[in-house]
Amino acid sequence: MIRILHIAGREFASTVLTKGFIIGAVVVPAVLAVAIPVVVLILSQQKAPAIVGTVAVIDPTGEVAPRLAEYLKPEAIAERRGDLAKQAGAAMPSVPGASPEAAGQAMDIVLGTVPNLSVQILAPNADLDEAKGRIREAVKDDPDSTIAVAFIDPDAVVKGESAERFGGFGLTVMPRLDERIIGEIEAGLRRGVLDARYQANGFEKDTIQALTSVASRDTTEVTDEGERASTSAMSFILPMVMMLLVLGAVFTGGQYLLTTTIEEKSNRVVEVLLSAVSPTQLMAGKILGQMIVGLTMLTIYSGVGISALIAFSLGDLISPMDLVWMFLFFLTGYGMIASLMAAAGAAVNDLREAQAFMTPIMMFMMIPYFMMIVVPRAPNSTLSVTLSFIPPINPFIMMLRIASNDPPPVWQILLSLGVAATGAVVAVWLAPNFRTLIRWVRMA
Amino acid sequence: MQDAVVMDNLRKTFGPKVAVEGLDLRVKAGSLTGLIGPNGAGKSTTIRMLMSILFPDSGTLQVLGKKSALESKDRIGYLPEERGVYRKMKVTQFLKYMGKLKGLRDPELSSRVRHWLERVQLADAANKRCEELSKGMQQKVQFIASVLHEPELIILDEPFSGLDPVNLRLLQQLMTEQHQQGRTVILCTHVMFQAEQMCQGIVMINNGRKVLDATIDEIRAAHEPSVVLFEPVEGEDPQQAASIEGIRRIENTRDGWAAHIDPHRLPAPQAVRAIANALQVRSVAAKRVTLEDVFVEQVAGGNAEKQAELRDALHGSADENEALEGASA
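Chains as they are written, first to last, in numbering that gives the first Met the number 0: chain A, 0 to 443; chain B, 0 to 328.
If you're looking for bench data, these hints aren't it; they were derived computationally from the structure. It is possible that some hints are incorrect.
[Unchecked claim] Derived SDA-like pairs: lysine to any residue, alpha-carbon spacing no greater than 20 Å straight-line:
1. B:Lys95 <-> A:Gly8
2. B:Lys87 <-> A:Ala7
3. B:Lys95 <-> A:Val157
4. B:Lys66 <-> A:Thr279
5. B:Lys95 <-> A:Ala12
6. B:Lys27 <-> B:Glu217
7. B:Lys305 <-> B:Glu217
8. B:Lys89 <-> A:Thr279
9. B:Lys87 <-> A:Val15
10. B:Lys127 <-> A:Leu16
11. B:Lys286 <-> A:Ala7
12. B:Lys89 <-> A:Ser265
Note that this is a predicted model, so its numbers are computed, not measured.
Whenever a hint applies, use it, and build me the whole structure from the sequences.
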């Protein structure tokens, strides 16, 4: 046993002390933790230069162009964005940290700086082609340059007697004009036409808007600690995160096992080792060592995740039992996948050859990814239940079910764990068999 | 004397290829035995079965009184033919790791590692990564790993390949020391010259079968010299000697003109006299029988073509032989 521990210790030390592991397990999460707030801060401070220019309008109705001019005033645009930010904040109550202020900052980042546009109303009978010609002469950042020309159909506000539909509007813009500005002008034209139609038909604009809008308060949920905003979004994300944590940790350990096995063969050190320990001891030591590597990864990442949840007062979303299941399913999942990886490593001479063995393993392991959306939505459907008993993917599917809103009964979890443990024992027994070891030696 | 290794009727196949067939072997405790044969003869497969790295299809073996090496790995030191080191590990770190796997513990382990590194003149390389060492230096490190735990049985598979003459002599000396300290040493090599120089007992293997198992003295006593080397004076035709009854042929070799004799019809001392009488020579002497001669005779008999093929297979590269001879000079 002491020899297995020596081998495991060397495997662990030689893996975690590599630059790759330190970068992947420690530096990347640390950099992300620092970089994300910094990037958000920088983006929130960053104001792109405002787009300036003139929108020329040919409006035979005489009703739309003045409304467009009002709509495109910088202060009117800024006011609308403020309202939009409030709505966004209200629409995302379950996102930790979401607030109208934060939503406003986000809106600025998304919509850019408020443009400085002026509207020039041309004569109703002005030549459209001549107006469009002005766009070609437009100069960047010149407030008098025409960057867009709008044409309102004569029947846009009042329908012709025999016509079935209202007319509309057309818009021509300068090449590569920011799509957010185009959207703003289009929205102004649409609003202007609608308001003109309401007035022409004797409707009160405010009344129509009041009739068509329904206010709703934040959805809340009741917990032992009291009432709080609904965490439905987190409940959907959590199963994915927990499954990815287990899958990532299993694959990290398995991948290292594959590469170190191939390395020992290509370095021809395997026969030297086999002179000191039995093949079973060697394989057991390697599997144990890389399991601790995977466990380290799992602990680091899940520790960061749990800390984040606690920081946002969402710690109760994960129960201690969930964590116990997570570690147990990691161990069994690792047992199965690592053994397959070790067998692949023992049967080939280099990583290129290993790809041939890895492809079927990887294709099979893509199934949990595909099920990441499906299973949390219906954790007790026939598909979800069936997949959670099929090795070697059952540990990952079961994690999706356990962390979902409707966790499976304990007997199903225990049965799945039993299936995974059996699969692990069979895989460990099959992987380092003598036939494989003969190939090690013959191909070394 | 007790047997350190006992093999009875071992057989090992790889698919259709029979690597070892009906091998019986006894290696006496405390002996220095050479397991020799050309490349592909089955030597390494035999050793791997001995070490329980491979398992025989049939037959039985005993190592140091146990049924397999798995039960006595701590008492065996093995330098495999396919050997390597962890490239990124430091020399001391690697040796300590191997020592721990062999059951050694600090502080004795550290002290032994220091002692051996000094012994093989690698003390300066103690903190270097293994990848920074030359092949010869790595080989010395691997040798240390095989003897660090002071095993009762040391098995060295082609230990001299790739060594320069100086390091080759050092390794020979260390092996001899180990043997003199009472350890059983098995030297596995395709260079028969080496085994002849160092070993007491010789086991020859060809095509997976044992063709000879005897001590050096027994082999020399049983095999009369079959070659007489001579140097004729200028103007003498060396081929005249071919007419002497009992001389098979005359050929020019690196050592001079060689008369191949049939020792049963013309024993070497008589052949020397006959050549000296038949032509004027500066020197004439019977060539001492070598293991290679014995091996060739055992396997090829009188078939000259097969003999030549065997010698080619045994010699490997001319450079290697020159290096070996240079080292032993």
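A quick look at each hint next to the structure:
no.: 1; hint: B:Lys95 <-> A:Gly8; in the structure: holds (13 Å)
no.: 2; hint: B:Lys87 <-> A:Ala7; in the structure: holds (17 Å)
no.: 3; hint: B:Lys95 <-> A:Val157; in the structure: violated (95 Å)
no.: 4; hint: B:Lys66 <-> A:Thr279; in the structure: holds (18 Å)
no.: 5; hint: B:Lys95 <-> A:Ala12; in the structure: holds (15 Å)
no.: 6; hint: B:Lys27 <-> B:Glu217; in the structure: holds (16 Å)
no.: 7; hint: B:Lys305 <-> B:Glu217; in the structure: violated (25 Å)
no.: 8; hint: B:Lys89 <-> A:Thr279; in the structure: violated (26 Å)
no.: 9; hint: B:Lys87 <-> A:Val15; in the structure: holds (14 Å)
no.: 10; hint: B:Lys127 <-> A:Leu16; in the structure: holds (17 Å)
no.: 11; hint: B:Lys286 <-> A:Ala7; in the structure: violated (57 Å)
no.: 12; hint: B:Lys89 <-> A:Ser265; in the structure: holds (18 Å)
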